[in-house]
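Protein chains in written order, with the numbering used here: chain V, 1 to 746; chain A, 1 to 332.
Think of the hints as simulated: they come from the structure by calculation, not from any bench. Treat each hint with caution, since some may be false.
What the hints assert, rightly or not - Result set (BS3-like, lysine-lysine): computed pairs, CA atoms no more than 25 Å apart in a straight line:
| # | chain 1 | residue 1 | chain 2 | residue 2 |
| --- | --- | --- | --- | --- |
| 1 | V | Lys88 | V | Lys73 |
| 2 | V | Lys662 | A | Lys307 |
| 3 | A | Lys45 | V | Lys73 |
| 4 | A | Lys45 | V | Lys133 |
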Amino acid sequence: MSEDTSSVTPLPVVGHQYARVDGPLKVSGAARYSSDHSFPGMLHAVPVCATIGNGHIDAIDTRAAAAMPGVRKVYTRENIGKLYRVPKSARDAIIDERRPPLEDDVIRYYGQYVALVVADTFEQATAAADKVKVSYKGQQTPNVAVKLSADERPKADTERGNPEAAFASAAVKVDQTYSTPPETHNPIELHASVATWDGTRFTLYETTQAIVNFRGVMAQMLGVPSENVRVVTEFLGSGFGGKLWPWTQAMLAAAAARDLHKPVKLVVSRQMMFHNVGHRPQTQQRLRLGATHEGKLVSLQHDYVYHRALECDYSEDCGEATGFLYSTPNLRVTGGFAERHVGPATSMRGPGAVPGLYALESAMDELAIALKMDPVELRLRNEPAIDESENVPFSSRHLKECLTTGAEKFGWAKRDPRIGSMRKDGLVLGWGMAACSWIAERFPAAASVTFNADGSVRVASGTQDIGTGTYTVLGQMVAELAGVELSKVNVVIGDTNLPPGPISGGSMATASLVPAVAQATRDAIDKLLAAASEGDSHFAHAATDQLAFAHGRVYRKNESPDSGRRFEQVLTAARRGHVEGQGKSEGTFGQPGKKEYSSHSFGTHFVEVTWQPEIARLRVSRVLTVIDAGRIINPLTGRNQIEGAVVMGVGMALFEETHYDKRNGMAVNSNLADYIMTTHADSPDMDVVFLDYPDLKLNEMGARGIGEIGLAGIAAAITNAVHHATGVRVRDLPVHIEDLLASKVA
Amino acid sequence: MEPFVFSRATDPGKAISAAAKSSTAQQGAEVRFVAGGTTLLDLMKLNVERPTQVIDINHLPLADVERTSDGGLKIGALVRNSDLAHHPQVQRDYAVLSQALLSGASGQLRNMATTGGNLLQRTRCVYFRDTNMPCNKREPGSGCSAIEGFNRTLAILGTSEHCIATNPSDMNVALTALEAIVVIRGTAGERRVPIGEFFLLPGDTPQRETVMMPGDLITHVILPPPHPGARSHYLKLRDRASYEFALASAAVVIAVEGGKITHARVAMGGVGTKPWRSPEAEQALQGQLPNEHTFATAAVAALHPAKPQSQNGFKVDLAQRCLTHALSTVVA
Ligand SMILES: Cc1cc2nc3c(=O)[nH]c(=O)nc-3n(C[C@H](O)[C@H](O)[C@H](O)COP(=O)(O)OP(=O)(O)OC[C@H]3O[C@@H](n4cnc5c(N)ncnc54)[C@H](O)[C@@H]3O)c2cc1C
Ligand code: SF4
């Protein structure tokens, strides 16, 4: 390994703003998303969905459908072919709905796939799917009750001291229950699968945030060796966690392709998106906070329950941040589930922490009010020195600075804490704030980096860009490490034929890629120096260890880098087409054994809402977010992640909720007109500040993830501002006009 | 979607006689005209509308806005919602209509949606749109799923035990306050129907929404000349700031002379099974001082007949606030 690569400083590319390298492809329509893949002879599949939420299939009459024009085959449990289960323990093949599609006749949720029609065109398949007649037996009312109580004794996630006793004797207390509704991921790109089979190998064009895991799942469920499955995701129209793990439409498409020996395309409808491909489960959380009169927390209890689909064990870890966010000697976090007849739940942007921090940060606001203390001050007074839950230091924590910087930039000192007391342009203003946190870890990753004789550099990894900017930041990392222009870096991702890369989830893709890419670059540089020593007469007689590499040039160590030769000249002289280096790094996430550091990102949101009491109109007008997420590789794409999360947070606080009909479990608002999300007109003025302290314990660039943290805490900051403006404390999201009509502020 | 025959009408007479073969012009019509298609195609894809024949009327010469001899406006049935909203005379003389149109749907939808199609848009009741659920409007006699189900967005005025669906249109509320006339050409020639008589209450026939008969083609909407000195305003309240149907809306046309209200027309949206004209509110305003007290009294009177369902009781309060605010805005 070359010693001199560390001298590739100053860093010219990382940390600078670059527009997305794939932007032109996207705006011109040239970027190929999964459902854009089409093949000669390709067939179209449309699933038939259950119209009950709890019961059994009695019979399926496919005759009329099978006789419709263009129909190739109608599949049911009888003829779909062998599909297998994935073990719960599989770490490289994760799936939330482990039951293969059409496996049995039990209906566990409304919308469950019960049959599949394959036809020449999408229209023919849709028309025929309508004609499949399904009759049911043993039909019962599904349980979709909104009130949750844990089915089994809740388990303690983390605990210390004696929280009950400390709470009982605390001078000031808050004891409240908060709830968040089921939320449906609504990325603009529908889930889609295009499956091809050549008699041995499957090539699957999928909408996934994790191609490598997808391959693992499909190999198991189809019962083939994993080398016979290739998964491709060139571009993703976003996922928000809903596309982390595979869903059952992929197995249906692959099984049909296997049976018919034809490529098969299956695009999930928007309505199916509300049942078959995950959602953020509903949560109900009791928070008990005890404090001294001086605002020192003496006890914190967080007991949460979430709903869970039958035969699925996804858990919503609402206490994710509770154990370490604040200092308190006595604490307990417990979690439990309540089974419901709903489709499988899954991760949604900031799973666990996002609903959890809504509850915790609302309770902190209520505590500040009970103490007559400023909410920023309350948080400053409870800043821990170490992670008290794990008893280890933080790798890098700057929450205090997020609090003070945010307060200063927002003008928080001007806040009058009295309800409804602040006015502007005839509107009542409400100011609220909340803190946030999200894990900072790494997944295993592998990558290759290649110097080409044409002057380009290629970086390849089996990861994917889910719309967040991975093509761009990966290019930036390599441009920096290899000392070339960003435009010379060719980023190749989205294919399991490449070295296995990380999932795009948990905000960990960027941080995970850094060590693997750095190692691959160093390896490629070593090979480049060897090529120079061996084949470039310019460096004749120089041993490899007498050469160094900087800014794209190979040079003699005792001379200045400027005297060196560009790598493409070296390769050309050595008559080499390219040199390729490999890199591989272990993950930190979920590793057994005690950690040396607790790694998390932190931040604060400061929010202004406007309230117009005479027409009960509430709007979020201004949001300032301060984020401590290590070194920001690209402030432009980084800011975009935070702003996007804030917009989504406005939706979480004020609009989003899936309603399941209590009679049959159907999501009644399963379309984009009735499932209310934030529009442009609802988006506030946003300002984002990155503190930019590198977290060098996590990786050598000090970069953490930023995809999720922006959504943590924002809902509480909004409802805290709503309380300040209206006097109405909303503990059940989202805030409804119904709630606000109770405001006494005029 | 069911297979259907598609044709393009080049002449109103032929379109009318083709459509006259339909057994009804209401729910279940076998022949449908398509204008912007933003309601019809949506419902056909959901199997709620299943015409066997679809006649494209977009090429009929009904896309003009003309002045009438008495100073009113004659709006062709095919005038797009965006064009109508931005028409200078509409903006000047019928501000309430322009505002109502622009508060509806999205820019893309308004570019497609037509005056005739908007008049006939169907309810957004989620059960009407789902063929797996009972719905008296879609399948008479099958029951109403909304009364025991999700009814937050549905009506509190003009409901029956058979149907509580809201008429979702914004445009229709403004047209009601403006006392528009719907011009219909049918097999028996032309009729002019005041908008107040155009829509029907659900009663025990919620599948019948309007007076439209088989073959009927809406050709125009006529706005009477603006009332001298009157000002108008539309206010729409909803969860988010745009692209959502009204939870409550109000269209008001008010003239004040000598310190008293001399002309008052009040209609509400989002709360009624049809665009809801409120004679009670108009009466409470007529001849009164234009102040908060008068407006609040009118708002209470307007909502007096309200019958809320399990989830939409808040609409009473919200609609009152909406109407009060619309009135104080228009006289400000
Ligand atoms: C997502 C979404 C959001 C929306 N939001 C709103 C909103 O906020 N506010 C609002 O007011 N509206 C809203 N709309 C509804 C929209 O305004 C209507 O769909 C539109 O006005 C219908 O006009 P069209 O020309 O597209 O009608 P079409 O779909 O073409 O026709 C509708 C019906 O009218 C009949 N018809 C059309 N023209 C004639 C004629 N000349 N004579 C006889 N019959 C005729 C057709 O046969 C059909 O039955 C929304 C729609 C969508 C899809
Ligand atoms: S309210 Fe009317 S449209 Fe809705 S389900 Fe009942 S009958 Fe059908």
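Comparing the hints with the structure gives:
Straight-line distance between C-alpha atoms of Lys88 of chain V and Lys73 of chain V comes to about 32 Å, which puts the hinted pair past the 25 Å bound. Straight-line distance between C-alpha atoms of Lys662 of chain V and Lys307 of chain A comes to about 23 Å, which keeps the hinted pair within the 25 Å bound. Taking the CA atoms of Lys45 of chain A and Lys73 of chain V, the gap is near 22 Å; set against the 25 Å cutoff, the hint holds. Taken as a hint, the Lys45 of chain A and Lys133 of chain V pair is honoured in the structure, with Cα atoms around 18 Å apart against an allowance of 25 Å.
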